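J.: Each chain is listed here by its residues.
There are 2 protein chains.
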Amino acid sequence: MFKDATSQEIDQVLNTSWQAFHQYRKYSLKDRAQFMRSIAAELENAGDELIQTAMRESNLPEARLRGERARTMFQLTSYADACERGEWLEARIDTANSTKTPPKPDIRKMLIPLGPVVVFGASNFPFAYSTAGGDTACALAAGCPVIVKAHPAHAQTSEMVAQAILKAAAKCNMPNGVFAHVHGASQEVGKALVTHPHTKAVGFTGSYLGGKALFDWANQRKEPIPVFSEMGSVNPVFLFPEKLKQSAVEVAKQYAGSITLGVGQFCTNPGLIFGIDGDDLQQFIDTLGSEIKAVNPGTMLHPGIAKNYLENKNKALAQAQVQTIAESNTQPAANQGVPTIASATGEAFLNNPVLHQEVFGPYSLVIRCKDLNELLEVVRHLEGQLTATLMATDNDIINNDDLVEAVKNICGRFIVNGVPTGVEVCLSMHHGGPFPATTDSRFTSVGADGIKRFARPMAYQNWSDSLLPDELKNGNPLGIWRTVNDVLTKDKI
Amino acid sequence: MFKDATSQEIDQVLNTSWQAFHQYRKYSLKDRAQFMRSIAAELENAGDELIQTAMRESNLPEARLRGERARTMFQLTSYADACERGEWLEARIDTANSTKTPPKPDIRKMLIPLGPVVVFGASNFPFAYSTAGGDTACALAAGCPVIVKAHPAHAQTSEMVAQAILKAAAKCNMPNGVFAHVHGASQEVGKALVTHPHTKAVGFTGSYLGGKALFDWANQRKEPIPVFSEMGSVNPVFLFPEKLKQSAVEVAKQYAGSITLGVGQFCTNPGLIFGIDGDDLQQFIDTLGSEIKAVNPGTMLHPGIAKNYLENKNKALAQAQVQTIAESNTQPAANQGVPTIASATGEAFLNNPVLHQEVFGPYSLVIRCKDLNELLEVVRHLEGQLTATLMATDNDIINNDDLVEAVKNICGRFIVNGVPTGVEVCLSMHHGGPFPATTDSRFTSVGADGIKRFARPMAYQNWSDSLLPDELKNGNPLGIWRTVNDVLTKDKI
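Just so you know, the protein sequences line up as chains A and B, in that order.
Counting from 1, position 277 in the first sequence corresponds to residue 277 in full-length UniProt numbering; the numbering is continuous, with no gaps.
Counting from 1, position 340 in the second sequence corresponds to residue 340 in full-length UniProt numbering; the numbering is continuous, with no gaps.
Hint data in this document are derived by calculation from the structure and do not stem from the laboratory.
Hints may be right or wrong, so weigh each one.
When chains are identical, the list treats them as one kind, so a pair holds in a single copy or across two.
Claimed, not checked - Once the Cα atoms are required to be at most 30 Å apart in a straight line, the calculated DSSO-like pairs of lysine-lysine come out as:
| hint | residue 1 | residue 2 |
| --- | --- | --- |
| 1 | K104 | K171 |
| 2 | K473 | K490 |
| 3 | K408 | K30 |
| 4 | K26 | K171 |
| 5 | K370 | K245 |
| 6 | K253 | K104 |
| 7 | K212 | K222 |
| 8 | K30 | K104 |
| 9 | K30 | K490 |
| 10 | K307 | K293 |
| 11 | K3 | K212 |
| 12 | K253 | K370 |
| 13 | K492 | K26 |
| 14 | K26 | K222 |
| 15 | K408 | K490 |
| 16 | K307 | K191 |
As the structure is a prediction and not an experimental result, all values here were calculated from the model.
Chain A extracted, bound-state conformation:
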């Protein structure tokens, strides 16, 4: 329906973004925040038509999409608040000291924008992780123009959101080119965007293959640029002995819900569950199995995802020593994903890398370990994860320090007695993690700290107060937090 952008068109877009960068970077924090709030308002103004378009393209239910739009608006407005509050700027001031040898000059530092940012949205979140999603909000807050590559699975939704952003840009007198929208179903479009010399950073949410390709292209450039790819994970869950003895049935019911939520189409879906073999674990598996049988298959985001789910699940189930525990009792319609639970031993898991791989959909594999030592061995062989969860009593945690430390070492968010699905939008959220969960464990794509992906420090040495940006002036006209001579303060100098 939409034609792929040509390389000439992409060049044109990036040239305009580059011009816009030199204007937009000078806009105040307040102006950037106002623009972001205006985008939120325009998303609301896009009304039911936007929801219906997204329903048609994504197969997601109306309530979910209304909730996701509200979440997207909350991201925009809460990151706008953070943008204005200015803590993300990491303003530091060291005043001059002429009595030192050699004399110490006046030095002041703050974060400034990197330049045009290319954003690749996710198939599973047409609003919150797409065109006006977290990456776009973070880049705009940082002072970077944004170029969004529409996800082909919801290109019309993306187009409508892009129009809403452009409306907000016009209302807020933003420079031409502060936001651009590019279509492209082919890999060439993505590659042309990432390798264009005016592109200065990339945000991506999606598959390992997609995210890693962008990362490699970016690093092979003459001038490498930072890429934050969030590439999903299997989000291991660890069932500890005392906890399981107390509440195997409750935990199984809770997890049946988390595994099948949204037809399992979340990057925080719990795909691996580890426990110590025995009666308690058996009770957990039995309960989880009977719960899963009662969950109806759901229509997946698009036929390609449904096909991949079936193929990847069948591949996992066909591995030696993997046993299918339960499948939904209901026959699936076309493009529906069937909730499925399987099981294998710790030994099988250690010997077979296929069992470590994410199966995107309502599937989870329960690993029965011989003992805590084998479980520790398993953890030490796990790849980087967005989340890890302990179902554990305080005693379980205190008595298994090595295991808990080993889990900490592989995850970005560490949950106790909860489920990994559900990513709260707040400053303390970390949605990231060691490779291959992301391409840089030092950054997050959820929460206002995500702004820092798209900004870099710059130090001003020996500048006149009147020529410094407001953020660093003696009088602190913006009233922001700054570290002055090693002390955090809002005071004037």
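Dock chain B against chain A, hints included.
T.: Below, chain B alone, put in the same frame as chain A:
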């Protein structure tokens, strides 16, 4: 004198570092800080013998080396203070809110260490950017064990510093393997260190070729890891019209000093000076030339650097339209670098990439631009730089906003009416910059913010207060700054 480490030895070292990581990461901020302060004390205890060894290996004068050791000790102790102050942890707490739909869980985030860090020291700073230098100090503060690859040009100095660190480690009851020292003159040793699966980050200071090779190896790993390579730059200086009219002679004298300081062997050496052709610029060039003639050649760090200086300088001087302005009047002895000034037009500079390249040593090229438009064009073609300097009146800056913004866009530290040499150790310092000055413009290698290169956020969701690390407990027992429900505070919860 020292044998290259074998791949078996390197594997052994990294296995020990990996074990040490699981211990050292649990050490409190206070314990880490104490270790760092103890290293500073042991550097002092190494006494005159350390200084004499460094003099013999580096050809650097005694006063410089005593000053550099003091700087290194200050880095260790001031980063230790910052480590304990804990602002670098970016502690964030969002408390639970059960009235929200869905209920908001308690989430708390802080930075945790990445794992073993490999450090490659610089030839030109045997103390401050080497074995116990800024990268080592930052990694230890972050909670990471360090493996230093000794610079072959000062391997004996490095060995002595390593012994001082190991003494401090023993005194402070640090785990075996918290610090390791590896020799190697061959590229293979560096590659084996960077590509070892237990290596989780790399710090490097040196040449573009060296730093870029490490970056590429790290990104080609199965699990890519962050590399911060500081690769030097040409540190452009811009002479603005009003300033030059007022003080061409004073500026020329100041720069003759900066260009030849330490035989020009600083990554912040001003290698390119831009001005608008005319009488004032000619006066600047004439004065700079006569000053340079009076500066004696100095012995360079080692014969390889002296040879490279001569070759690179001769290559630059042999380019079409490049004119030698002045050389030191004094004949050089073996391995001495001859202070040299050359000049070319803006047009020649725009057309010849060779003129953009760093010539490491006491050399600077003055570019005569036709007018401010050509100067702007030149700036837009400059590569990323550690520093850029404006010699300018306030009027010059106000009247040339486009030019000033274009310069800002390419540098990490932006100086007005000063010289780029001299990198103050303080929190507001940014020693970094867009590629190719470094491999990641978002990080610094000087100042306590450099700790963040070696740490990543991790979020704790729904943990019992008693099981949280002290940094995140309700009572704030460490008394650190934390952002609680979006408000920066030291208060308890």
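J.: Hints first: check each against the structure and report whether it holds.
T.: Taking the hints in turn, this is what the structure says about them:
When the C-alpha separation of K104 and K171 is checked against a cutoff of 30 Å, the pair qualifies neither within a copy, at 46 Å, nor between copies, at 34 Å. Taking CA atoms no more than 30 Å apart as the test, K473 paired with K490 passes in both settings, with 12 Å inside one copy and 25 Å between copies. Within a single copy, K408 and K30 get their C-alpha atoms only as close as 38 Å, which misses the 30 Å cut-off; across copies the closest is 22 Å, which meets it. Taking the shortest alpha-carbon separations for K26 and K171, only the intra-copy value of 18 Å comes in at or below 30 Å, while the best inter-copy value is 52 Å.
For the homomeric pair K370 and K245, the shortest alpha-carbon distance inside one copy (16 Å) is at most 30 Å, but the shortest distance between copies (82 Å) is not. In the homo-oligomer, the alpha carbons of K253 and K104 lie at most 30 Å apart only across protomers (20 Å), although the nearest pairing inside one protomer, at 64 Å, exceeds that limit. Both within a single protomer and between protomers do K212 and K222 lie at most 30 Å apart by alpha-carbon distance, with minima of 18 Å and 11 Å respectively. Proximity of K30 and K104 under a CA criterion of 30 Å is satisfied inter-copy only: 28 Å between copies versus 33 Å inside one chain copy.
Within a single copy, K30 and K490 get their C-alpha atoms as close as 18 Å, and across copies as close as 27 Å, so both meet the 30 Å cut-off. For the homomeric pair K307 and K293, the shortest alpha-carbon distance inside one copy (21 Å) is at most 30 Å, but the shortest distance between copies (76 Å) is not. Taking the shortest Cα distances, K3 and K212 sit within 30 Å of each other inside one copy (25 Å), while across copies they are farther apart (38 Å). Proximity of K253 and K370 under a CA criterion of 30 Å is satisfied intra-copy only: 24 Å inside one chain copy versus 76 Å between copies.
In this assembly of identical chains, K492 and K26 lie within 30 Å of each other by CA distance solely inside one copy; the values are 23 Å within and 38 Å between copies. Proximity of K26 to K222 under the C-alpha cut-off of 30 Å is restricted to the intra-copy arrangement: shortest distance 28 Å within a copy versus 40 Å between copies. With identical chains, the CA atoms of K408 and K490 are at most 30 Å apart between copies only, with a shortest distance of 26 Å across copies and 35 Å within one. Taking the shortest alpha-carbon separations for K307 and K191, only the intra-copy value of 25 Å comes in at or below 30 Å, while the best inter-copy value is 42 Å.
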